[in-house]
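**Student:** Bring the two chains, given one by one in their own frames, into a single complex with the hints.
Going down the list, the protein sequences come from chains G and D. Take 1 as the starting number for the first sequence in the numbering used here and just add one per residue. Take 1 as the starting number for the second sequence in the numbering used here and just add one per residue.
Hints in this document: simulated from the structure, not taken from any laboratory.
Pairwise CB distance ranges, derived in the manner of DEER restraints:
1. G:GLY305 <-> D:HIS54: 18 to 28 Å
2. G:GLY260 <-> D:VAL44: 32 to 42 Å
3. G:GLN351 <-> D:HIS54: 29 to 39 Å
4. D:HIS54 <-> G:GLU343: 28 to 38 Å
5. D:GLU25 <-> G:GLN351: 16 to 26 Å
6. D:PHE76 <-> G:ASN450: 40 to 50 Å
Interface residues of chain D toward chain G, partial, derived using beta-carbon atoms under 8 Å:
7. ALA12
8. PHE37
9. ILE38
10. LEU41
11. GLU50
12. VAL56
13. ALA80
Backbone N, C-alpha and C define an ideal beta-carbon position, used for all residues, glycine too.
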Amino acid sequence: MINSSLKQLAAALAAKKVSAVELATLFLDRIEKFNPALNAFITTDHGKTLAQARMADETLGKVGAGDAAISPLCGIPLAHKDIFCTKGWRTTCGSKMLANFVSPYDAHVVEQLASAGMVTLGKLNMDEFAMGSSNETSYFGPVKNPWDVSCVPGGSSGGSAAAIAARLTPAATGTDTGGSIRQPAALCGLTGLKPTYGAVSRYGMIAFASSLDQGGPMAKSAEDCALLLNAMAGFDPRDSTSLERPREDYSRDLAKPLAGLKIGLPKEFFGDGMDADVRTAVDAALAEYRKLGAVTVEVSLPNSGLSVPAYYVIAPAEASSNLSRFDGVRYGYRAPEYADLAEMYSRSRAQGFGAEVKRRILIGTYVLSHGYYDAYYLQAQKIRRLIAADFVAAFRQCDVIMGPTSPSVAFAFGAKSADPVQMYLADIYTISTNLAGLPGMSLPCGFGNNAMPVGLQIIGNWFGEAKMLNVAHQYQQATDWHAQMPAIAPAAPAK
Amino acid sequence: MPLNLEDVARIALLSRIELSAAERETTRDQLNGILGFIEQLQAVDTTGIEPMAHAVDVVQRLRPDVVTEADRRADFQAVAPETEAGLYLVPQVLE
Chain G
1 MINSSLKQLA AALAAKKVSA VELATLFLDR IEKFNPALNA FITTDHGKTL AQARMADETL
61 GKVGAGDAAI SPLCGIPLAH KDIFCTKGWR TTCGSKMLAN FVSPYDAHVV EQLASAGMVT
121 LGKLNMDEFA MGSSNETSYF GPVKNPWDVS CVPGGSSGGS AAAIAARLTP AATGTDTGGS
181 IRQPAALCGL TGLKPTYGAV SRYGMIAFAS SLDQGGPMAK SAEDCALLLN AMAGFDPRDS
241 TSLERPREDY SRDLAKPLAG LKIGLPKEFF GDGMDADVRT AVDAALAEYR KLGAVTVEVS
301 LPNSGLSVPA YYVIAPAEAS SNLSRFDGVR YGYRAPEYAD LAEMYSRSRA QGFGAEVKRR
361 ILIGTYVLSH GYYDAYYLQA QKIRRLIAAD FVAAFRQCDV IMGPTSPSVA FAFGAKSADP
421 VQMYLADIYT ISTNLAGLPG MSLPCGFGNN AMPVGLQIIG NWFGEAKMLN VAHQYQQATD
481 WHAQMPAIAP AAPAK
Chain D
1 MPLNLEDVAR IALLSRIELS AAERETTRDQ LNGILGFIEQ LQAVDTTGIE PMAHAVDVVQ
61 RLRPDVVTEA DRRADFQAVA PETEAGLYLV PQVLE
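In isolation and in its complexed conformation, chain D is listed as follows (with noise of 0.2 Å):
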């Protein structure tokens, strides 16, 4: 079933990406072609199949528990929009 205008707009909301309405609607016939062309995928029988998740049949390693890094947070908060005090400010959360 194509996207209306709806599933658009939440779609939108989860990816947080905001949406004009004029773009809701472009963006509803593009999705809609593109989900026509993989739909062809609905029709190929994988019953049984196994799904690969990954290119390589290899297990996650783990390695000890403890400190590999150094303390660089002056380094990664000087590429940051706004910090103070060593924390990333964002707008007001709580009331």
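If we strip away everything but chain G, and leave its shape as in the complex, we get (with noise of 0.2 Å):
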């Protein structure tokens, strides 16, 4: 049953051959055996976990299983990174600021996954505020690598990759600002999507760079990731930036055959920067397409390299401003001692905030400030035009962009922790498709350095989500590199 993908879950569900509230008990003790090795969950709260799952038994049992009025995904267990507002659950993005913060609200992607009958096993570990790659910012401490457990699960949304690698849930949401996606699927062996930027609902979201933010399914396999995307995405009136578009289904696509598709191949994704495991899992995966029937194209992103430094001008910026909510007054944390108002502000986010938020709040404040917005922010702006329409010359060539998702297989813990910019490079890949508002996906293509899963990066044009997924799926059809899983063992006990 752990093993199982969303569509035989469901099956299994129809068939009565098992409740919802048994396939949530499997997965809470699972949680309750393996979590405390890995880090990867902040909040489980059995009593509402079981509440959900007694109510999807319910209306699987009124409508009866199979029947078109219910969504294929009721009653199967998933869970959510921290950063998505659950009402009455606690919701911390991973930060001392908001350790402490009931929700009185649901995201919209939460409300649209509980319609569908999902059940919520809890709020998963991330790194805080969404700002890292390698989990190791999280206040609630790092989440580890259910692959090698002194390694770093990539981040931010390494709490959702590690849980899923370990089967501790069948499926998670995460969100991607430039990377934090696909980066963890990457690193933890999994299929990850952040959808084109305005397809999900930001609405409940904790902001970090909204320019940037999406929201997107993690999971085993292509096909989970379809199903789940089909019941995230959607029009929201609440978010400014959700775009109206008609409803569209993410799964039509996946049997198509793959004759004739061009891949296109970025000659910048393919220079000295990635490591030789990586390289060779990733030329395995193209030959493999090759023998689907695709062909391969040589393309150019030629303004590719400057993505991660006009990354960190716009969401360090973007971010400044976000986080200035968080004032001590309204939510969140606040100092015990203080003189003043002045004081009070800059005590509580002194406080309340960790080195890398700070961190990226200052730089934010610098790039925006009187005198250097033109030089840094505007230009950043300008730099970033320039790396979409790339992409859109690039696309004129071929269907889909394939290289790697991450320059190297997972490192281990403090690698890079002490140079904030050799930790930001680990997104090098990523970044650029979050800039440009482009879907992109990770989907496990074998395994690197110290049997390390290994991550293909696929980047579709805007809107291109069907057909990213129906590529994904056609390798996972003729792979198993996805149906891995990792050895894991529960925690030592205490001495």
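**Tutor:** If you want it as structure tokens, here you go:
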């Protein structure tokens, strides 16, 4: 059951081979047993989970499972990245600032998945305010990679990735501002998808960099991601950047053969930056695609080398503005001692935010400040347009773009945490997609050094999610990298 | 030009983040490291390029000017550090 696809779980529920309560209990038991060693979950609440599961069982019993009127996701458990507000549950965003924040409302994504009948197993650990690529910035401690607990799971959706890899949940939500779904999916051997900007509502998703943030699904396969995205995407008037487009079935093209597919390989992604073990796995995946009938063409994204520095102007600038709401007045942490209002603000923020979040607020404040705005912020926005234009040109020559998701497999704890710039470069292949607003995904394509998973990145054209999922699914029909699971052990009992 | 300790103090003030003297020194070094990295943007010729503020080219939607939300003051204030009589309490601002 723990290795089943969402479709198989739905079939088991429909055939009454298992109930939603039994499924939820199975995963809650696994969380209890394995989470202490992994630290993937920040919050669980068995009472709430089982109440949701009973409701799902009621729906399944009443309408008759398999009925077209109910979602194929009804009764299937999932867990939410702790950046999504969940009514009545603690929503911490991985920060001391929100360590005791119980959300008074649900995010749009949470509402949508709940109305489909999915059962929430809990809230997942993450880098503080989604700022990090290793899950080492969480106030609640780092998440361990289930493939090797001495390695990072990636970030910022590291809890989501570790929980799925260890089969503590069949699926999870994530968010991706510069690679935060794709990079941890790669490092933990999963499939994760960042949709086109505006496809998934940001309502109730705690804001980091609003012009880049996008929620998306993480699961074991492309087919699972398609089903989840069907429920997550859709217009929401409460997010001013939510796109008014007709609903689509993201699984509609899964079965299409790939003969004639044109895969663009950006020469800038295949240079010196990538480790040899990653290159070997990515090259083997491309060979498999050629066997499936695809052709590869070289394309160029000449400005992609500027994506990381441009991102580290734009994202901190937006973060400094978004995070100004945390002032110790309406919600969140307030310092215990202060002389006046100004000190209450500056001390609450100094004590409530961790080091990386403070660094980004300071950088963002600086690049937006008088005298520096044009040189940094405006210049970065102009370069952002150059980066987006590169993709427009490349997509004239191909249907999808492929390359590595991450330049290396999962690295050891502490390997990059002393030097912020080294950590930022972990997202060198993923950031340009966010700047352009394109959809991207990562899927497992083999193992590299120390038998750690390698991710293949697929970048789609704007609104090309169904095509990307088709391309990923066909590969997963021909290979079984996505079905591999780490051997995990419960934490040793405390002496 | 790299940031000095006074620059860091000014940015921290604008950011409303208290920094101790020792923190100011490490922060200066780290911020200078990051600024050194983003400095490469300056070398790019962007004459005539329109800045891109958003990923998708859409205009802001308008909606009718009517109340759409219920009054949930009690729910929202339940998560505040300090409230009284439906108001948020902060240290005295006016003498």
